[in-house]
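Asker: Sequence:
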Amino acid sequence: MNKAPSVVRMSRILCAVDFSENSREAVRQACDLAKKFEAEIHLLHVLEPWPPAASVTSEAYPMYHDYVLQAHQQAEYSLEQLPPADQAPAKVVRATRSGHVEREIVKYAEEHDVDLLVIGTHGRTGIAHWFMGSVAEKVVRFAHCPVLVVRPREPKPAA
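Numbering follows the working numbering, with no gaps: position 153 of the sequence shown is 1026.
Simulated from the structure, these hints should not be mistaken for lab results. Hints may be right or wrong, so weigh each one.
Below, simulated DSS-like cross-link-like pairs (lysine-lysine); rule was C-alpha separation at most 30 Å, straight line [as the list claims (entries may be wrong)]:
#, residue 1, residue 2
1, K964, K1011
2, K980, K964
3, K1011, K909
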C-alpha cells in the first residue's frame, strides 16, 4: 500500500535559551527551520529564582526584588541580541519567565500552541547528569509537541 507522504507544517517554533554556546547553536538551528517553514520563532529564557522567594526575609525582600528585576532586564536585553540579523526569520517573539525551567518551557509551548520545541543540551553524562539531571530530558518527557534536542558540537580533530 502506497501512502502519499504527509506534509509537515510548522507555524510556531519555540527555542529555549540559556545564553550558553549550546543554546546559541539551538537558536541557529531553530532559525534555519523557521525560515524553511516560514514559521515564527519564539525565544524563551526562564529565570529560576535564587534564592527561592519563600526564604527571603521581609528585610531582604527589597534587595531580592531589585535582583529579580535586574535579572529580567538583563535576560530581555540578551534576548534582543538573538538571533543575529543574518539568521533571523521574518517574525521573532521574545519572552522571559520565572519559575522551574522545564515546567515553564512546557507551559509556554502549550499556551502558544507551539509546533516544535528546540532546546540545547550540555551533553553531561555520568555523575554530573545524575546530580543535575537534564532540563532537555525533562522537557522531552513532558512536552506535548515534538522536541528537537541540539547536542553540543564536536570539536574538529586537529589536522
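Asker: Does each hint fit the structure? Answer for all of them.
Answerer: Hint check:
1. K964 / K1011: Holds, because 28 Å separates the two Cα atoms, which is no more than 30 Å.
2. K980 / K964: Holds. K980 to K964 sits at ~21 Å (cutoff 30 Å).
3. K1011 / K909: Holds, because 28 Å separates the two Cα atoms, which is no more than 30 Å.
Checked against the numbered hints given earlier, this structure breaks none of them.
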